[in-house]
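Given the coordinates of chain A, work out where chain B should sit on it, guided by the hints.
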Amino acid sequence: MMDQNTGARPTGKPAASWRRAGLLVAVAVLTLGVAPWLGGRASAAPPSVHAASYAPSNPKPGKKAVHRPGDVMKPQVKISNFKFGPRTLTVKVGTKVTWTNNDAIAHSVNFAAGNINSKALGQGAKFSHTFAAAGTYPYICDIHPFMHGTIVVTA
Amino acid sequence: MQRPLHVTRQDRVRLLDIVAAALIGVGGYLHYSLYIEGYRAIPTIGTAFLLQVISSAIVAVALIVHLRFRLRVGRVAISAPTMARIAGIGLSVGTLVAFVLSRLPGGLFNFQERGLQPAPQSLLTIIAEGGAVVLLVAALAFDGANRHLTTAQIPVERRVRKHRASV
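Chains as they are written, first to last, in the working numbering: chain A, 1 to 155; chain B, 1 to 167.
None of these hints come from the bench; they were simulated from the model. Since no wrong hints were added, every one of them can be taken at face value.
Derived contacts from chain A toward chain B, CB cut-off under 10 Å, selection only:
| hint | residue |
| --- | --- |
| 1 | Ala-120 |
| 2 | Gln-123 |
| 3 | His-144 |
A few chain B residues facing chain A, derived, Cβ under 8 Å:
| hint | residue |
| --- | --- |
| 4 | Glu-37 |
| 5 | Gly-38 |
| 6 | Ala-41 |
| 7 | Ile-42 |
| 8 | Gly-107 |
| 9 | Asn-110 |
| 10 | Phe-111 |
| 11 | Gln-112 |
| 12 | Glu-113 |
| 13 | Arg-114 |
| 14 | Gln-117 |
| 15 | Pro-118 |
So the derived label-pair ranges between C-beta atoms look like this:
| hint | chain 1 | residue 1 | chain 2 | residue 2 | range |
| --- | --- | --- | --- | --- | --- |
| 16 | B | Phe-109 | A | Arg-87 | 12 to 22 Å |
| 17 | A | Ala-113 | B | Gly-144 | 53 to 63 Å |
| 18 | A | Asn-102 | B | Ile-54 | 25 to 35 Å |
Being a predicted model, the structure only gives us computed values, none of them experimental. Built from N, CA and C at the ideal position, the CB exists for glycine as well.
Chain A on its own, in the form it takes in the complex (with noise of 0.2 Å):
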């Protein structure tokens, strides 16, 4: 239920002035509200394709990528909307692999053994490491502990 609230001034001047400046700020908002969502919409990035980065380097034309244990793959890792891919990487011994932020948001690669570190990687940045004995290498980014991967190293 509602009723109407009167006689709040004594004077009917300052608050239209009031009510007339409120609107005009209210509609800039709105306009500076709008346009970021009509520019960002048709400037947005189409979302990766994380297919892509499973690829193998020489595919055959007209047939899917598919993975399967074992696989060397190319040594790069990429990170783009909060996750690293390919998840799991199978590399050989002595192999340098390279991580490429792709995120507007910055991201680090941390190994939970053998004080591997990158710093803060905003977009753009890469960090590289060559892995010099065989094993399983679980890491995380550091700032966001949910993002997970892992590199497995063959001999």
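Just chain B now, kept in the frame of chain A:
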């Protein structure tokens, strides 16, 4: 000759509302930019960011445009500006609580972040939302005191007018 500018208590409350609306707008914009920059990809958190942006826009407009109606619930009547201030406090406190929860070991909806990352958006959001809470609480207090003062003054003014008329 120009009349001297008389700033009333109500004008000060109005100014508090407008500055609080601007701060809530800043908080909403920061959430919007983070949503676009990648948070939309995070399940639940992305939706929560979008809801924060929409709620911020609605509350900011409600604080700026003082609608003149009262919502009557039983014996209690709440004016539209008061409702907007309460909604603003709820939104800003909720945003700050969510920020703190996302920094705790358990995280928030499986989402966890460390410290004041992303920088500088995290710090700016804390300042904006915290400032909005302070200003809106002040606006509620001043508005309540203003109303109390006004209602208490009416009988006195009537008595003074009667007295003057009789003299």
